[in-house]
Amino acid sequence: MSRARRTALAVVVVTLVLAALAIRVGPGDVSWADVVGAIGRGLVGQQRLADVDDAQVWALRVPRVMLVILVGAALAGGGAVTQGLFRNPLADPSVLGISLGAAFVAVLGLLLGLDRAGIWVTPVLAAIGAAATLAILLALATRSSDATTLLLAGVALGATCGAATTCVLALAGDRHDLGIRVVRWLMGSFEGRSWGHLLGASIPIGLGLLLSGTLVRDLDALALGDDVAASLGASPARVQRRAVTAVALLVGGATAVAGVLGFLGLVVPHVVRWRLGGGHRALVPISALGGAAVLLAVDTVTRLGATALPPGVITSLLGAPAFLWILLAQARRREE
Amino acid sequence: MAFVVLVACGAAPSPRTSTARVVSQVVFADEELWHLGPEVRSRVVGVSPMADDPRYSDAQGLWPDPVARPAGAEAIVALAPDLVVTAEFTSAETRAVLEQIGIRTLQLDGWNGFDDYRAHVTALAAALDATDAGGRRVAEFDGALAAMRSQFAGSDQPGAVSWQEGSVAGSGTFFADAAAAAGFVNVAGQAGIHGHRTVAVETLVAWNPEYIVIPCDDDCTEREREFAGRPGIAATRAAQRGGIVAIPARHLYSVGFGMLEVVRQLGNRRAEAQQ
Amino acid sequence: MTAVLRVRECGLAVPAAGSGTRWLIRGLSIDLTPGARVAIIGPSGAGKTTLLRALAGLVPPGEGSITLDERPVIDWDPRARARRIGWLPQRAEPWADVTAAELVALGRTPHLGALARHDQTDHAATRAALAQVDAGGLAMRRWSTLSGGERQRVMLARMLASDARILLLDEPTNALDVGHAMRVMQCCDRLARSGNTVVFATHDIQLARRWSDRVICIGAGSGVGPTDEMIVPERMAELFDVQAHWGQAMVFDSTPEGD
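Residue numbers (the numbering used here), protein chains in the order written: chain A, 1 to 336; chain B, 1 to 275; chain C, 1 to 259.
The following block holds chain A by itself, in its conformation from the complex:
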C-alpha cells in the first residue's frame, strides 16, 4: 500500500471514530444505547417526535456531524484546488471572493429581515451570493486566461463585497440585534443545523468534489506553468474555468450553511503537500479527508464547552499559529 493510501485510510478511521464520539458526547444524558436506538429509528423513519434524546441524536447531532464532515472536506479540498490553480501554497479558497460574496448577500437578507421566514433563508441567500460571484469570475476568466488577473479580480471582488457588508452594517448601526446576528453568522457555526442544511449543502459540495476529482490531472499539468500545461494537452483557460467553478461550488456550499470558516482551506492542503508531495491525485482527496477530520475535531471540542464557541474562531485561532509553526519547520528543514 502506498503512503498516500495508508494516510487516507488512517484519516478515514480517525474521522469515523471522531464522528461516533461526536454523536455520543454533548449536553443531556444520551447513552450509546440511546444513540444506536435513535439512529436505528431515524433510518427507518420511526423517530420519536417528542423524545429529546432522539431529537439530540437524530435531529441535531447526526446531521451536524455529517455537515461538519462535508464542510471540512469542501474547504480543504477547495483549498487544494485553489493552491494548484494559482500555483501558490499561500492561496486560500477565500482569495476568489466567493465567501465574502456569499456573506454580503446573506447580511443583506439579515438587514431586510428576510431570515425571519425560516432557517433556510440565509443559506439560500448566501448561495445566491456565491453564484453571483462565480458568474462575475467566469465572465472575467473568459476575457483573460491569466491566473494573476483572476487572482487579483477575486481579491478585488472580495474587498468590494467585504466593504459593502461593512457599509450595510454601518447603515443599520442602531440595530444592535442585527449586529449580533451578522457577527454570529460571519463567525461561522454549525448550531442548530439539521437535515435540511445537510441536503442543501450536499448538492453543491458533492458536485464540487466530483469536479475537483476530475481536475487532478490538469492541476498536475499546471505545476510547470501555463505553456507546459498546454503542451501536455491541458488548456489553461479551460482548467481555470473548471477549477473556479469547483472552488465556488465547494466554498459557496460550505459558506451558505456554516458561515465563514477561516484557515482550514489554507493549512490542511499545505500540511498534506508537505507530508505527501504535490501530486493532486493524492493531495485533493486527502486534503478533503483531512479537512473533514480537523473540522470535526474542532466542532466537537467547541460543543463540549459550557459556552457555545463558534468553530470558525477556533480554526483561525489554532490554524494561524499551526501554520506559522509549519512554515518555520519547513524553513529549518531547507537549511539543513
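Because the hints were derived from the structure by calculation, they are not lab data. Idealized CB from N, CA, C, for every residue including glycine. Hints may be right or wrong, so weigh each one.
To be verified - Simulated restraints, written as ranges between beta carbons of each label pair:
1) A:238 - B:220: 52 to 58 angstroms
2) C:90 - A:10: 28 to 34 angstroms
3) A:195 - B:241: 34 to 40 angstroms
4) B:241 - A:10: 44 to 50 angstroms
5) B:149 - A:305: 33 to 39 angstroms
Following the hints, complete the assembly by docking chains B and C onto the known chain A.
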C-alpha cells in the same frame, strides 16, 4: 448586585440650579423621564435616537418634536444640557467629551434585575430633584408587580428559558426576576448560568423546558410557529405543548415598565395552559 | 522520407509598438522528419522561442501553415497533439517541492484519464525516461535538492516520458557547464538516431554546428539549410552583427568511462 454610580463631573452638583436642561442617551431614561410627570418632562431637551424605535422602546410617540434626538457628543453639547443621562454602553468618546467640557452626567450602571430598576428610577428622580415623583413611580411598579405575583402564584412552577439566537438569561438578570414573578423557574439560572451566556441548541434541548421565551417584532404568532418547528427544538416539551412564547423585543429586553408586560404575558400563557 | 511536421511559407509576428505588427519570421519552409537534428539560431529576441511555440501548436502562425500529418498543428486535439509533440521550455519550475519521479510522470499526462491514475505502462515509461537521461538514481530526490544539471536532465526526461517522437527543445543547455551540456546533447543525438525528430534552439553556435544536420537562422540573415552551409562566417557576421572567422576551438568529448 444592584449598584448605581452617580458620576458628578466638573463643578460640584447643586441640584436646584443645574437641572434645567436634561438630555437622555438611554432608552430606559427616555421612558422614565416621561413618566416622572409634566414638570420633569418640561426640563427634558433631548432623548436618545432610539426613543421612537418600536423595536427597543416603549416611549415611541411620547416625546413631541421640539425635544431633540441628539446622536453623538457634538449634538448633545449643542443642546447646552446641564445633565446628561448615560450608561456604560454610551460610547466612551461621548462620555469623555462630556467630562472634559464639565457637563454633569448621571451614568446608570448595573442592569441585573428589578432592584436595579428601582435604584435607577430613584437616582434619576434624585438627580432631577423630583424625589417624590420617583417614589410614586417605584410604588406604581411594585404595586403592579405585587398584583401579578398574587394573581400568578401557583404550586406547579414550570421551567422557562429566555432564548435569543443562542443567548440565554441566567440568574441575576431581569428575565430571572420576571420569570419568578410570573411563577416560573428560570431554567438557565438553575443550570448555574449567571448573567447572559451563549449556549448550544443541544443544551436547550437537553434542558427540555416547558416554556421557551423568544423575541419578536410584530410577527409574534409567526415566530412562535417557525421556532417550534426548528430541528431539535421541535421535540422539546415547550414546542410539543404550546410553550413557545414570543414576546415583543421592546418588552422582553426592557429594563423599565416593559418588564411588567413580560410578567403579564408569561403569567397569562401559564394560566391559559392550566385551563 | 515522409515529412511529419511540415512548415510552409510560415510567418510569425508579434504586436509592435503603436498599431500593427512586427514580423519576426517570414516565408519559412522546412520539413521536420524522423531522425532530423535541427538547430534554431539567431540573436536574442529574434523569435527562436516563438517559432518553437508555433511548432508545438501553442500559438498559430501569422501566415502560412504548420501541419502535422497534413492537419494544421494548431487544430489538433491538445491531448492527441501532446502525444506526438514534446516541448521543453527554456525555464520551468514546479511550484511545489515534488520528487524527480513525480515531475517526470507529468510527461504521461496526455495518456492519463481524468483521475490521473498511473498504470504499469506509465510507471515503465517514467522509469525508462529517467534511465534515458541517465537520471535513474534521482527518482526519489526532491526538486529543491537537485543541481542545475540534474534539473535539466529531469526536465528532459519529463518530455521523453510522453513518448512523443517530435521533440522541441528551447535552450536545452542554457546555464549548464560544458560537461552537462555535452551529455544533454549526446542524449538528443541518441534520440534522433532512434528515429525521433529533434529541434533545438540555442545561443551556442559551436553546439549547433556540432549537434545538428540542418540550421534555421532567424534574424537579419535568416534562412534554412544544411549546417555546413549555414554556419559560415559571412552569415554569422550578418546574423549577430559581429566579425566572424574560422579559428581554433577546444573540443570536448565524453570521458572513456562516461556514457
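Do the hints match the structure? See the list:
no., hint, verdict
1, A:238 - B:220: 52 to 58 angstroms, "holds (54 angstroms)"
2, C:90 - A:10: 28 to 34 angstroms, "violated (42 angstroms)"
3, A:195 - B:241: 34 to 40 angstroms, "violated (24 angstroms)"
4, B:241 - A:10: 44 to 50 angstroms, "holds (48 angstroms)"
5, B:149 - A:305: 33 to 39 angstroms, "holds (37 angstroms)"
In this structure, the hints that do not hold are numbers 2 and 3, in rising order.
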